[in-house]
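S.K.: Okay, here's what each chain looks like letter by letter:
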Amino acid sequence: MATHKSTASAPKSVSPPKASPQAGTSKKSDSRAGSPVTAVEMGARQREISVSEFFTKNRHLLGFDNPRKALLTCVKEAVDNALDACEEAGILPEVTVQLEVVAIGSAAKPSASQATRFRVTVMDNGPGIVRQQIPKIFAKLLYGSKFHRLRMSRGQQGIGISAAGMYGQLTTGKPVKIISRIGPKASAHYFEVQIDTKKNEPLVHENKQIEWDQPRGTQVVIEVEGRYQKGRASVDEYLEQTSIANAHVRLIYRSPDGETKEYPRAYHELPPSPKEIKPHPYGIEFGMFLKMLHEAKSQTLSGFLASDFCRVTLPLADEMCKTAKVSPSAKPRDIRGATAETLYRTIQATKIMAPPTNCLSPIGEKAILSGLYKQIKGEFYTAVSRPPSVYRGNPFIIEAGLAFGKAPDSETKPEKPTMPLAEGEQEEGDSELARVIRYANRVPLLYQQSACAIFKAVLATTWRNYGISQSRGALPAGPMAIFVHIASVWVPFTSESKEAIAEYDEIHKDITLALRECGRRLGLFLRRRERAASEFRRRNIFELYIEEVAEACNRLKGGKLPVEKLKAQLQKIASSRTGGMKTDETLGKTGAGPEGLPHSIIVTAEGIEGESSLAAPVSDDMAIEEQPAVPQSERRQKVKTGSDKRSSGKATAVPSVPKKGSSSQHREGPGGTGRKTHRTEKRK
Amino acid sequence: MAKTKIIKNRAVEKKLVGLADMVIASAQREKDPTMEIPLRALSNVTFNPRKGLLEMGGKKQARSFFNVGMAKKFMQTMLVADALSELQRAELTTSLREIYYRTKHTIQDSHENTFDTQDESDPIIEDLEVSLVALREELHVRAENGGSVVGPLVLGDDGDRVDCAKLGKGGYSVPSIVEPEYVEIRRCTADFVLLVEKGTQWNRLSEDKFWRRYNCVLLTGNGQPPRGVRRLARRLHEEYKLPVYVLVDNDPWGYYIYSVVKQGSINLAFESQRMAIPKAKFIGLSSADPERYELPRNVGIKLNEKDIARAKELLNYQWFQKPAWQVEIKRMLASGLKYELDALANKDFQYLTKKYLPRKLKEKDWLD
Ligand SMILES: Nc1ncnc2c1ncn2[C@@H]1O[C@H](COP(=O)(O)OP(=O)(O)OP(=O)(O)O)[C@@H](O)[C@H]1O
Ligand SMILES: [Mg+2]
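Sequence lines, in order, name chains Z and A.
So the first sequence is numbered by this note's numbering: it starts at 68 and just counts up by one.
So the second sequence is numbered by this note's numbering: it starts at 2 and just counts up by one.
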């Protein structure tokens with residue numbers, strides 16, 4: 068990690084090492100002609116580097132490489148923390164993000180796109196932070212509650228928010244301002260803190276009790292140098308994608324150009340709280356193992372193995388010791404060198420049960436569906452959660468989802484019987500490539516797409532098998548968003564900036580399997596759609612000609628034919644010859660929905676099909692949907708007899724329509740005009 | 002629609018109405034309305050060597066309404082049937098083109114036309130001819146006139162006496178329907194019939210009064226002879242026992258025209274019974290003629306790919322299997338050249354009238 072000259076342009080408020088007196092002398096010794104430096108001279112220059120100093124120079128490692136990305140990183144760190152805190156405290160998160168343009172000096176306030184300085188405010192309804200911890204959390208790097216445990220969370224290192232604060236401090240000289248309140252009975256505290264980068268210690272500028280209209284929660288304000296630009300990898304995209312993967316979150320976003328967007332809560336349950344686990348022996352490197360031996364609290368080796376690792380029982384520990392030819396009752400501290408190595412190898416070679424997976428909290432198929440449906444317009448949605456797997460002793464879960472198609476409103480053409488040209492219409496927009504949205508522990512990954520295992524797995528999937536066109540080595544083409552989430556106690560990022568996931572075989576395999584299942588369902592949907600559409604076209608043709616044929620017959624018969632009767636008879640044949648009721652169903656013309664696609668939503672021009680509401684809690688519709696599949700014939704009858712089914716019973720559960728004034732990205736529900744939801748959850 | 006008085010034929014009308022009955026009955030039984038149409042293709046044509054004519058086989062094609070590929074044709078067939086029955090009731094005859102216009106309209110609530118071009122309606126009329134076993138005349142559909150006749154022949158047409166020897170060099174325009182009910186042959190003193198492919202050469206012969214000197218009936222169909230011309234030749238052949246000689250260009254198309262006159266067309270093989278003249282002779286131009294009549298090579302035209310392919314096809318037809326014919330066609334292929342009748346003018350403007358035909362007739366130099 069060489070310190071690059073270009074990154075060393077640190078602002079005046081801190082004194083970077085370069086500005087030290089030695090810098091002057093080093094200039095001389097830098098020249099090739101100069102005499103070599105002695106160890107003594109070098110020793111005079113050798114000194115401790117604080118983490119803050121290190122990251123001041125290496126801010127790109129933390130996602131502050133350019134002003135646009137820096138703005139996003141600040142928002143991201145604060146929002147991730149807010150969500151982590153709420154979930155850990157069992158609170159349904161409600162987060163407000165506000166970006167404001169800040170005028171520099173006496174100059175007039177520039178427009179959002181011209182501005183170079185912003186005030187980032189993030190407020191949550193979480194548990195709040197106790198007063199004593201506030202300075203350290205916001206003004207000390209590597210200080211946090213999540214690093215020393217194996218539990219799934221968004222944050223891991225304890226750098227995030229303090230790094231954002233430090234970046235603000237470096238670029239604007241302003242302190243981080245915090246308000247936090249731990250409950251309605253406690254009082255709110257206001258802090259202004261800065262970081263002493265040399266010591267990596269907080270400097271408290273302001274600390275007082277204040278009145279706050281929030282009963283509980285935390286608000287952090289950071290002023291930073293940044294750039295605001297919509298589009299790819301923007302704050303807007305981050306929030307949108309966060310909302311997709313976190314359907315239980317209510318997000319309010321006030322953008323720098325004064326707009327307010329609301330990402331409503333689509334799912335009213337918190338994800339199950341993940342349990343903390345001990346490390347699995349397979350996930351431990353030798354050096355770490357030595358350290359653990361050294362720090363072990365247990366008196367015996369087998370006791371240490373059984374208590375400090377998961378999935379190691381005492382008998383198993385004894386057995387492993389025996390195999391490694393060490394005494395199970397030896398003191399862990401005494402195991403060193405070759406003995407330790409033998410033991411380590413033995414452990415790695417022993418068959419040990421996979422780690423427990425209750426430390427993971429997958430998003431779940433329903434929540435993914437809700438999120439996708441809420442944020443992305445389409446005709447078909449599906450979601451797959453894989454069973455847990457393990458890489459290097461770390462459990463993980465892959466989840467994938469798909470949103471396919473355009474808004475059905477623009478797809479109404481095939482419904483019009485006057486235009487039999489509908490054939491070419493599907494081809495439209497095929498040049499558009501799929502969008503891949505990646506997540507790690509529910510956090511959207513917006514950078515380094517092509518380096519990411521998720522992206523590579525999407526490319527490696529043969530989408531053509533599912534009726535989607537795909538050029539060699541390219542993303543599949545079509546109006547499609549591909550969602551992939553990895554949940555793990557330790558997400559293997561390719562670098563510190565947490566932007567791309569490393570390509571472990573196990574991870575790649577699971578992503579591929581999840582994508583294939585999504586693809587398979589999409590393929591089924593498309594094929595069924597295509598069949599139905601062509602049946603419908605056929606029927607259209609017939610209906611068009613029936614008129615002509617019947618009238619010709621009538622004239623041939625001298626005009627004495629009951630023409631309408633003949634037409635009706637012919638129409639009946641046409642309908643039965645073109646898939647009949649089944650086509651109607653597939654086309655969404657009757658109450659019954661298409662079957663056989665688990666965890667999927669199908670949207671037609673007339674609404675999303677089916678009975679259950681997306682906004683409803685999981686429990687009750689789960690019960691309904693677990694019913695066995697009804698045989699075709701029976702179902703048909705049901706449709707016939709229960710024509711009024713839509714308005715009765717469960718069919719009344721209409722998904723909540725997003726509030727007006729919210730973003731244009733939102734699905735504009737047609738104001739409760741009977742958009743119906745349906746999810747078929749039958750097993751294959 | 003022409004106001005030609007015609008004879009009522011209830012049988013044809015009944016057959017047309019039968020199509021409507023079929024649709025109604027199928028609809029009642031929830032069956033797909035389907036009509037059977039004899040296949041009009043080489044695969045469904047056999048050559049009867051004994052009779053010397055083409056006969057239609059029994060192969061049929063189902064045309065169903067509820068089949069995407071056929072629905073439109075089915076609908077079109079019903080519309081044409083309707084138009085034809087209208088003709089029957091009104092006792093009118095009409096042309097193929099008029100049928101097209103009569104049945105063309107935009108389908109309700111759509112931008113689709115019942116027919117886009119006449120190419121769609123013509124084959125449907127032929128379909129109906131073969132499937133209802135009704136002749137085009139019986140359907141009251143005229144072909145274009147397109148044919149001429151001169152010679153010692155007196156006809157009765159709509160009560161008018163037409164003496165084909167007194168119509169100058171233009172002759173009488175042969176109507177498409179020449180059935181006895183419409184055209185009566187009152188007298189014919191000719192010795193033979195000469196059917197000329199090309200109007201230009203017919204004009205030459207007519208102008209030169211060839212028919213007078215050789216006492217023949219001169220007929221032309223301006224290319225592929227229309228039904229009226231073929232039927233008239235057949236009637237003269239049958240009723241007056243006149244031999245029929247066919248004079249065509251020396252190219253594969255000419256051979257084919259000859260074969261249509263002689264044994265019928267593949268497309269409407271079922272009409273051969275009435276149209277074909279199995280004893281017709283091919284008088285020229287033969288591929289042997291350029292040598293025999295010393296036509297210079299430079300008045301020949303190089304055979305193009307299509308010609309060659311067509312000639313090879315003819316070689317395989319059952320009715321061209323006679324050794325003389327195999328020699329004839331192969332000789333053309335070997336020479337790589339084709340000759341138009343007009344090329345005879347290279348020798349003399351009246352070479353055809355004065356030298357070629359007289360010698361041919363004298364030498365009885367023709368192919369059977
Ligand atoms: N909004 C908040 N509400 C409650 N606690 C918070 C909040 N923000 C931060 N914390 C606490 O502060 C700690 C430090 O946060 P920080 O973002 O610096 O690190 P982290 O989230 O643990 O890891 P990472 O560096 O990966 O973000 C967190 O571990 C958490 O305990
Ligand atoms: Mg954090």
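Hints are computed from structural coordinates only; laboratory data are not their basis.
Just to be clear, a hint being listed does not mean it is correct.
[As the list claims (entries may be wrong)] SDA-like mimics (lysine to any residue), calculated; alpha carbons at most 25 Å apart, straight line:
#, chain 1, residue 1, chain 2, residue 2
1, Z, Lys639, A, Ala63
2, A, Lys363, A, Glu292
3, A, Lys15, Z, Glu631
4, Z, Lys627, A, Gln29
5, Z, Lys624, A, Leu93
6, Z, Lys523, Z, Glu573
7, Z, Lys639, A, Arg103
8, A, Lys210, A, Tyr241
9, A, Lys74, Z, Glu631
10, Z, Lys624, A, Tyr102
11, Z, Lys632, A, Lys210
12, Z, Lys627, A, Lys15
13, Z, Lys265, Z, Met355
14, Z, Lys124, Z, Leu209
15, Z, Lys632, A, Glu31
16, A, Lys73, Z, Leu209
17, Z, Lys632, A, His106
18, Z, Lys624, A, Arg103
19, A, Lys73, Z, Leu628
20, A, Lys73, Z, Lys523
21, Z, Lys632, A, Met71
[Unchecked claim] Some chain Z residues well away from chain A (every beta-carbon gap over 10 Å; in silico):
#, residue
22, Leu128
23, Gln181
24, Phe214
25, Lys244
26, Asp280
27, Gly325
28, Asn532
29, Gly534
30, Ser564
31, Asn621
32, Gln636
33, Ala641
[Unchecked claim] Quick partial rundown of chain A residues pointing at chain Z, CB under 7 Å, derived from the structure:
#, residue
34, Ala21
35, Met23
36, Glu31
37, Asp83
By construction, the Cβ of each residue, glycine as well, lies at the ideal position given by its N, Cα and C atoms.
S.K.: Verify this label for me: Gly534/Z is non-interface relative to chain A, using a Cβ-Cβ cutoff of 10 Å.
M.R.: 21 Å, holds
S.K.: Within a Cα-Cα threshold of 25 Å, do Lys632/Z and Met71/A meet the stated pairing?
M.R.: 23 Å, holds
S.K.: When you look at the beta carbon of Asp280/Z, is every beta carbon of chain A farther off than 10 Å?
M.R.: Label holds. Min Cβ-Cβ 62 Å, cutoff 10 Å.
S.K.: Are the Cα positions of Lys632/Z and Lys210/A separated by 25 Å at most?
M.R.: Judged against 25 Å, a Cα distance of about 67 Å means the pair is violated.
S.K.: Minimum Cβ separation between Asn532/Z and chain A greater than 10 Å?
M.R.: Per Cβ check, Asn532/Z is outside 10 Å of chain A; nearest 27 Å; holds.
S.K.: Given the hint that Lys15/A pairs with Glu631/Z, does the C-alpha gap stay at or below 25 Å?
M.R.: 23 Å, holds
S.K.: With a cut-off of 7 Å on the beta carbons, see whether Ala21/A makes it to chain Z.
M.R.: 4 Å, holds
S.K.: Minimum Cβ distance from Asp83/A to chain Z below 7 Å?
M.R.: 4 Å, holds
S.K.: Would the pair Lys73/A and Leu628/Z pass a check requiring their Cα atoms to be no farther apart than 25 Å?
M.R.: Distance ~22 Å between Lys73/A and Leu628/Z Cα, so the pair holds.
S.K.: Verify the proposed pairing of Lys624/Z with Tyr102/A, using a straight-line Cα cut of 25 Å.
M.R.: Roughly 22 Å separates the two Cα atoms, so the pair holds.
S.K.: Given the hint that Lys624/Z pairs with Arg103/A, test it: the Cα-Cα distance must not exceed 25 Å.
M.R.: 18 Å, holds
S.K.: Can we confirm that no CB of chain A comes within 10 Å of the CB of Gln636/Z?
M.R.: Given a closest Cβ separation of 4 Å, the condition is violated.
Against the hints set out earlier in the document, violations occur for numbers 7, 11, 13, 16, 20, 31, 32, 33 and 35.
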